[in-house]
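Peer 1: The primary structure of each chain is shown beneath.
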Amino acid sequence: MSPVLEAHGLWVARGRRAVLRGVDLSLQPGEGVALVGPNAAGKSTLVRTLAGLLPAGRGEVLLENRPLAAWSRAAVARRVALVATEDEAPGRFAVEDRVALGRYPHRGPLAPFTVEDRAAVARALRQAEIEHLGRRPLGTLSAGERQLALLARGLAQEPAVLLLDEPAAHLDVRHQLHLFRVLDDVRQRGVAILAVIHDLPRAAAWASRLALLDGGRIAAEGSPALVLESGAAERAFGVAIRGVPVGDGRERLWRFEERA
Amino acid sequence: MSERGRRLLVFAALAVAFPLALLAALSFGSVPLAAGGVLRSALARLGLPGATPLPEVGEVILWSVRFPRVLIAALVGGGLAVVGAALQSLFRNPLADAGLLGVGPGAALGAVIAVDLGWAQERFLAMPFAACAGALLALLLIYAIAHAGGRPTLAGLLLTGLAVSALAAAGTSVLLVATEEFRVRTVLFWLAGGLEGRGYEHLALAASFVVPGAMALLLLARPLDVLALGEEEAAALSLPVHGVRILVFSLCALVAGPVTAVAGAVPFVGLVAPHALRALVGPPSRRLLPASFLAGAVLVVIADAAARSFGRYVELPLGSVTAFVGAPYFLVALRGQEGRG
Chain A
-7 MSPVLEAHGL
3 WVARGRRAVL
13 RGVDLSLQPG
23 EGVALVGPNA
33 AGKSTLVRTL
43 AGLLPAGRGE
53 VLLENRPLAA
63 WSRAAVARRV
73 ALVATEDEAP
83 GRFAVEDRVA
93 LGRYPHRGPL
103 APFTVEDRAA
113 VARALRQAEI
123 EHLGRRPLGT
133 LSAGERQLAL
143 LARGLAQEPA
153 VLLLDEPAAH
163 LDVRHQLHLF
173 RVLDDVRQRG
183 VAILAVIHDL
193 PRAAAWASRL
203 ALLDGGRIAA
213 EGSPALVLES
223 GAAERAFGVA
233 IRGVPVGDGR
243 ERLWRFEERA
Chain B
7 MSERGRRLLV
17 FAALAVAFPL
27 ALLAALSFGS
37 VPLAAGGVLR
47 SALARLGLPG
57 ATPLPEVGEV
67 ILWSVRFPRV
77 LIAALVGGGL
87 AVVGAALQSL
97 FRNPLADAGL
107 LGVGPGAALG
117 AVIAVDLGWA
127 QERFLAMPFA
137 ACAGALLALL
147 LIYAIAHAGG
157 RPTLAGLLLT
167 GLAVSALAAA
177 GTSVLLVATE
187 EFRVRTVLFW
197 LAGGLEGRGY
207 EHLALAASFV
217 VPGAMALLLL
227 ARPLDVLALG
237 EEEAAALSLP
247 VHGVRILVFS
257 LCALVAGPVT
267 AVAGAVPFVG
277 LVAPHALRAL
287 VGPPSRRLLP
297 ASFLAGAVLV
307 VIADAAARSF
317 GRYVELPLGS
327 VTAFVGAPYF
337 LVALRGQEGR
347 G
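Taken in sequence, the protein lines are chains A and B. Quick note: the first sequence uses my numbering, first residue -7, plus one each step. Quick note: the second sequence uses my numbering, first residue 7, plus one each step.
Mixed in with the good hints there might be a few duds.
[To be verified] A few chain A residues facing chain B, derived, Cβ under 7 Å:
1. A66
2. A69
3. P82
4. F85
5. D89
6. Y96
7. P97
8. P101
Calculated directly from the structure, the hints in this document are not laboratory data. The beta carbon of each residue, even a glycine, is placed where N, CA and C say it ideally should be.
Model the full structure from these sequences, guided by the hints.
Peer 2: Quick look at the structure:
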């Protein structure tokens, strides 16, 4: 299968500092990749560059085998959805109205929303399991519900690629489980997911593949166990990492210790 | 009641209040005219058989003086309210207002410059265009300064607006000192705001800017909503963020400029109307903008009627009437907003 989104030798600078220094990464339809790495490794920058929000200094991003720059902004937004850590929408917005704005790339500024758009919004709310919150103002939701509403906006875009920047950062464990279950559901429908995840055991448990970003480069990539036990992860985070096999031996319990 | 039902009720109430306010303002004044007489006179003008016009004096007062003035008041209020609602989406702040952001003072400065240099006497349109330019300049200045350090806070935005307003007012004062005496009254008028002596040519001027400008802003309802989600999300949804902002600024200046040229400074309307309506119809611009237009129109029509019926020989400045209502409202709203963090 050919990748839906790829980065080739991506260099990106923010200000005068090179944040990404030659990143190669590819996403297949239906796979869930967790992007991990220490603070300031360039994870958010990578996600934003892949979404077409930051220009690449060198290298390129290919969406369905065509350079991102060759697509119109609306065409990119119909295929690639970005979900940030925090929802900044005004608190009085109703969940449904907020999610419906995910249809903007499909309809543009003037065309009225169609039956198709309303169906996509309803589907997005159902997938995120927040249909019952549709008419509630955002300001009255819990942090977890609000994050699901933000995710539903991304789903309403009906993208081929879903990019998430620390989607679970402020969520309690129940909402985390809920969120990642929804993401599993989404990727089984063929959507490629790249999620920045700080919580390494969570990343290892959810992702089919880990990509470790360190100092603006992909330092290791592969199955979660492979990456976390590669030594590159220990160097990147500056901690000792040990995987204790549990159950039938395929799952691991991860232990992290400060290095002396 | 369902949310939808409540919204319908709000729109129905506005749709009833608007013509009622117009009728009341037409009847009200130093020479009171009976509302029934006003209606019959209007029907007679429309050529309905059986409808009788007022006695001649009444006809003159109604159609030469009051009618254009009341419609101008409606356009001024509606225009300022729509501009306020649009700026609030754009600055992602429910307390942004053309007056507080210095747009009004900027427009006033533009208008005063046009009068002072004598352009306004040569060409009727010179003054409104100068007012547009002043308004746009003030907006761009605030945008540039307030966004220089990332997303502006409420305090940052209001303080920047305060500084720009002070700057524009200082410019106006300097010009005022230098103005020939016979023009001082013309200039003074912008500082207080009022519709005294406004007639059909001013109505035509206000209508030809406010109506298309407000319609264009209404067409931008969805982009305004997307913009309210924040710059990054808007860009990720393929909205050309800077282009839309410049477009909205230009349209706001196009409405606020001529409004200021015609009515002077009318503060707080752009804040009170959208702020009150947002709680009733919700923040989506496709509902908020038209509702704000109607509410703003009602507000200023009533404020103007109050301004001119205050005393027998003097009129209150319209701007001070809206400020008497708007400033306390603003303080209460500000407290509420700060409480929410």
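Peer 1: Of the numbered hints stated previously, which ones are contradicted by the structure, given in increasing order?
Peer 2: The structure breaks none of the hints.
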